[in-house]
Amino acid sequence: MSTYEKIATECLKKTNWALEPAINHFYSSGLATTPGASSLNLKSIEDLYSSYKEKDGDTIQAEGVVRFCEDLDLDPSDIVMLIISYYMGAAVMCEFSKEEFTGGMVKMGCDSLDKLKKKIPDLRSEIRNEERFKDIYAFAYGFSCEKGQKCIQLDVALGMWKLLIGETKPWPLLEDWCEFLLKHHNRAISKDTWVQLYDFIQTIKPDFSNFDETAAWPYLLDEFVDHVKEKRGG
Amino acid sequence: MSKRVGQIKIEPFRHPVSMDPNYAEKTWSLLENAIKEIHNQNASGLSFEELYRNAYNMVLHKYGERLYRGLQQTLTDQLGVIAKKVESFQGEPFLEELKRRWDLHIKSSQMVRDILMYMDRTFVTQQQKTPVYQLGLELWRNTVVRNPNIKDRLHAILLDFVLKERNGEVVRKGLFKNITQMLVDLGHAVYVEDFEVQFLKSSSDFYKKEAQELLSTCSCHDYLVKAEKRLIEEVERVKSYLDASTENKVTKVVETEMILNQMKTLVEMENSGLVPMLRDDKYDDLSRMYQLLRRVEGGAALIRTVMSDHIKEVGKQLVQDPEKTKDPVEYVQKLLDERDKYDRIVTQAFNDDKTFRAALNQAFESFVNLNNRSPEYISLFIDDQLRRGLKGMSDTDVEVVLDKVMCLFRYLQEKDFFEKYYKLHLSKRLLSGKPVAEEAERGLLVKLKTECGYQFTSKLEGMFTDIKTSRDMMMEFRAKMAGQVGAGASTSSPSSSSAAAVAGPSHETAAPNIDLQVQVLTTGSWPTQAACCCNLPREVERCCEDFKDFYLGTHSGRKLTWQTNMGTADLRVEFGTKRHELNVSTYQMCILMLFNDVDQLTYREIALATEIPAADLKRSLQSLALIKGKNILRKDPQSKDISETDIFCFNDKFTSKLFKVKVGTVTAQKEGETEKQETRQRVEGDRNPEIDAAIVRIMKSRKLLDHNNVVTEVTRQLASRFLPNPAVIKKRIESLIEREFLERDPDNRMMFRYLA
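Protein chains in written order, with full-length UniProt numbering: chain A, 1 to 234; chain B, 1 to 756.
These aren't lab readings, by the way, just hints derived from the structure by calculation. No experiment lies behind these values; they were computed from the predicted model shown. For every residue, glycine included, the Cβ atom is placed at its ideal position computed from N, Cα and C. Treat the hints with care, since some could be wrong.
[To be verified] Straight line, CA to CA, 20 Å or less: simulated DMTMM-like cross-link-like pairs of lysine to aspartate or glutamate:
| hint | chain 1 | residue 1 | chain 2 | residue 2 |
| --- | --- | --- | --- | --- |
| 1 | B | Lys730 | A | Asp73 |
| 2 | A | Lys150 | B | Asp327 |
| 3 | A | Lys53 | A | Asp73 |
| 4 | B | Lys62 | B | Asp77 |
| 5 | B | Lys730 | A | Glu213 |
| 6 | A | Lys191 | B | Glu740 |
[Stated by the list, open to error] Derived, one-sided and incomplete: chain A residues facing chain B with beta-carbon distance under 7 Å:
| hint | residue |
| --- | --- |
| 7 | Tyr4 |
| 8 | Glu179 |
| 9 | His184 |
| 10 | Ala216 |
| 11 | Pro218 |
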């Protein structure tokens with residue numbers, strides 16, 4: 001069987017030989033877009049998944065995730081884990097559904113742990129890509145929410161920021177920002193603020209010389225600017 | 001013989017009758033001589049007919065050119081002679097001579113013109129030369145007036161004339177007038193060029209100097225008086241001996257030098273400038289200043305600005321002075337007085353100028369809002385007026401006062417605060433059991449409605465309606481209970497969504513003789529109060545139950561809650577042998593009724609029996625036991641505060657000069673600090689939903705709008721309630737984004753889209 005036939009058969013099998021869903025699955029699982037997807041061994045991906053999933057349930061839970069990380073020689077708080085989760089489109093932290101896991105592996109073009117291990121440096125460097133970073137950043141918000149919540153708690157947000165921004169996009173005001181939030185805000189962070197912070201870091205200079213207070217920045221950012229200016233004795 | 005009749009033709013004379021050139025010269029010298037004689041006032045010996053004929057002949061025979069040239073030459077010579085004669089004079093005689101010569105010249109010119117009329121009509125017109133009379137004027141102008149020896153002297157003398165008169169000397173106006181008339185007759189341009197220009201310049205210099213001198217010596221008032229006088233003077237001067245066209249120009253000069261260039265200094269003069277005039281209500285001075293400064297550009301605006309700044313200064317001190325802001329009624333009265341003062345000034349001194357009135361209003365608006373207790377105080381002022389101050393005032397007086405207060409109300413930016421306080425105070429007024437000045441109250445409501453719209457006053461009107469409904473209902477109730485209820489003390493108290501009624505029994509009989517008066521209040525309209533209950537005396541309880549049954553009989557499905565913290569009671573009390581009627585609050589009644597059964601009670605026992613909330617209980621006991629001269633209860637120990645271990649006993653040695661004694665009323669008072677903070681928080685909290693609603697309304701209609709425009713629109717829509725803080729609007733927008741009413745445009749942070 002040619003590889004294309006193999007893929008098609010896989011998809012159809014998955015969806016019980018219903019044509020439309022199979023086509024959808026083909027596109028959504030990354031098989032369509034990943035180069036070399038046709039050469040992937042889908043069976044081995046599924047086996048991999050099964051080795052980590054919960055005994056009675058069809059998801060990988062925290063325990064499985066930890067093992068997964070160990071096998072990859074990765075610390076669970078390593079940023080690569082976030083990137084992997086991004087590829088998997090994981091809805092919540094520390095939980096992967098079958099779709100998410102298999103789809104992610106396909107998108108990354110890996111069908112075994114070794115391949116994935118080799119891919120890790122590539123993944124790490126991906127974050128340097130501006131576009132990719134923006135997507136991952138935006139993804140990180142929903143990912144960090146607790147199940148069923150719409151906002152993320154402050155401490156979670158701070159951790160995520162330190163991870164994402166501290167490590168890859170050095171922003172001199174990160175410390176100030178975290179300190180300010182702990183002292184003055186102490187509540188959940190809205191999605192609007194999260195997303196706008198990225199823009200803020202990109203465009204506003206550390207001395208705030210190009211900060212326009214009528215430019216509709218979220219009020220938290222306005223207050224942050226005032227706070228820092230005050231601290232500087234301005 | 002008639003063979004060929006000869007044709008006789010008569011032919012015109014063919015040979016031209018031409019004038020012999022010699023003859024022309026002779027004619028000319030005749031004329032020349034005549035002209036000379038005319039100019040020497042020797043015309044009487046001449047024959048008009050002869051001269052005319054001669055001139056006519058010359059022109060006819062084509063010697064017009066010669067005639068004209070000759071005329072020019074002769075006149076020039078003659079005038080030269082005259083000029084020399086005039087030159088020789090000095091001073092005033094100089095002018096007189098000039099005038100004399102001018103008059104003569106006119107006459108001469110006329111005569112010459114008459115003689116040479118034929119030439120004027122034919123030769124001059126054909127050749128387009130200047131007519132004879134005009135020629136005479138021009139030559140006069142060139143030869144005499146503009147003669148180098150005459151010209152400058154003429155100017156100097158004329159200007160000196162004017163200077164003398166300005167300094168108060170008497171001068172010969174007639175003579176001057178003649179000269180200016182001469183110049184005007186020579187042509188308006190001559191007048192302007194040869195006289196007016198210098199005149200205006202020297203006037204300008206003169207007034208510049210005068211302004212400087214006056215500024216250093218006079219007060220503002222004196223200066224303005226002088227300026228006014230000068231203006232009138234100059235107009236007079238023009239009328240007397242200058243050409244009318246100069247009037248505007250010279251007035252402008254005076255205005256510029258004395259007013260425009262000095263007005264700032266004048267207005268800002270320390271002890272006599274605009275500000276002292278305003279302070280001391282110097283209507284005449286202010287009016288004069290206004291009229292004068294109005295003439296120049298920026299004058300009125302200057303007065304307006306200085307007045308506005310001054311009002312703002314005064315106002316700011318008034319509203320921020322802790323002394324003056326202690327008593328609300330005094331505070332508002334002072335504001336009203338200030339406003340009256342400046343209103344009068346604008347009307348009387350500034351000619352009711354609209355721009356000035358606008359400036360006044362704007363100045364007031366700016367400082368009234370500096371003190372954030374203004375809404376509360378204004379409401380208290382109205383409360384005070386309506387409760388007692390209106391006695392003795394006629395209806396129109398009342399209208400006037402309330403209108404003035406409405407003016408102040410308009411200045412408020414935080415009208416929603418006012419609404420809250422007004423509601424509170426109104427409810428206390430309506431429920432106090434005292435007669436309400438219904439006309440005035442209603443009148444004020446109408447004014448508020450006109451100002452702020454129906455929404456503002458609907459609840460207030462609801463309160464009035466409730467009172468009226470309650471009154472009607474009480475009549476029905478009483479009719480029903482007639483026979484069951486005897487005469488006794490009457491009490492009234494309100495309750496939310498219900499009525500509260502308390503009745504006081506007579507101290508003597510055991511059977512309840514209770515006159516109950518209930519006011520049923522609709523919950524939404526009245527200011528919210530925490531529901532508080534206490535144990536009513538059993539007699540009273542029974543009455544209340546009766547009423548409750550009656551009410552719910554006609555209005556099933558409603559819930560009644562007694563508001564025991566708002567009622568009053570009249571008790572007939574026996575103190576030994578004396579009897580008094582006490583007017584007390586419901587709580588106090590409950591406390592006192594306990595002493596029907598025993599003579600002495602501890603604090604704890606009272607608390608237990610009545611279940612009155614602690615703070616209220618302490619307050620009630622304080623007014624019963626600790627007020628000098630009104631201690632109906634004796635407290636042991638005799639300390640100032642109420643403590644939980646105190647013992648109270650009935651004081652049958654209580655005395656009072658009056659039969660009816662009032663103990664502790666529930667009137668409106670200025671809020672204490674904590675209450676003020678609470679109210680502020682509550683009102684500001686209420687604003688958030690209003691801002692949300694405004695944002696949603698705006699976005700719904702516009703669909704896509706940028707941040708700044710949203711803020712502007714919201715501010716505009718809410719202007720009649722309060723002034724929203726842009727930062728708060730921003731927060732509300734973000735809250736709406738989170739609640740998914742709006743979204744930010746992904747490409748443009750400043751734009752928001754409405755999500756249906």
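Restraint check for B/Lys730 with A/Asp73, where alpha carbons must lie at most 20 Å apart: Between B/Lys730 and A/Asp73 the Cα gap is close to 47 Å, so the pair fails against 20 Å, i.e. violated.
Cut-off 7 Å, beta-carbon criterion: hint that A/Ala216 touches chain B: The hint holds - A/Ala216 has a Cβ within 7 Å of chain B, the shortest such distance being about 4 Å.
20 Å limit on alpha-carbon distance, applied to hinted pair A/Lys150 and B/Asp327: Violated: A/Lys150 and B/Asp327 sit about 51 Å apart, past 20 Å.
B/Lys62 paired with B/Asp77 [C-alpha distance capped at 20 Å]: violated, 25 Å
Given pair status - A/Glu213, B/Lys730, alpha carbons within 20 Å: OK: B/Lys730 and A/Glu213 at ~11 Å, within 20 Å.
Agreement of A/Lys53 and A/Asp73 with the hint, judged by alpha carbon distance not exceeding 20 Å: holds, 19 Å
When the least beta-carbon distance from A/Pro218 to chain B is tested against 7 Å, hint result: holds, 6 Å
Closest C-beta approach of A/His184 to chain B relative to 7 Å, hint status: violated, 14 Å
Evaluation of the interface hint that places A/Tyr4 against chain B, nearest CB under 7 Å: violated, 37 Å
Hint check, A/Glu179 versus chain B [nearest Cβ-Cβ separation less than 7 Å]: Because about 22 Å separates A/Glu179 from the closest Cβ in chain B, which is outside the 7 Å limit, the hint is violated.
Straight-line alpha-carbon gap A/Lys191 to B/Glu740, limit 20 Å: With Cα atoms ~11 Å apart, A/Lys191 and B/Glu740 stay inside 20 Å; holds.
When each numbered hint is compared with the structure, violations occur for hints 1, 2, 4, 7, 8, 9.
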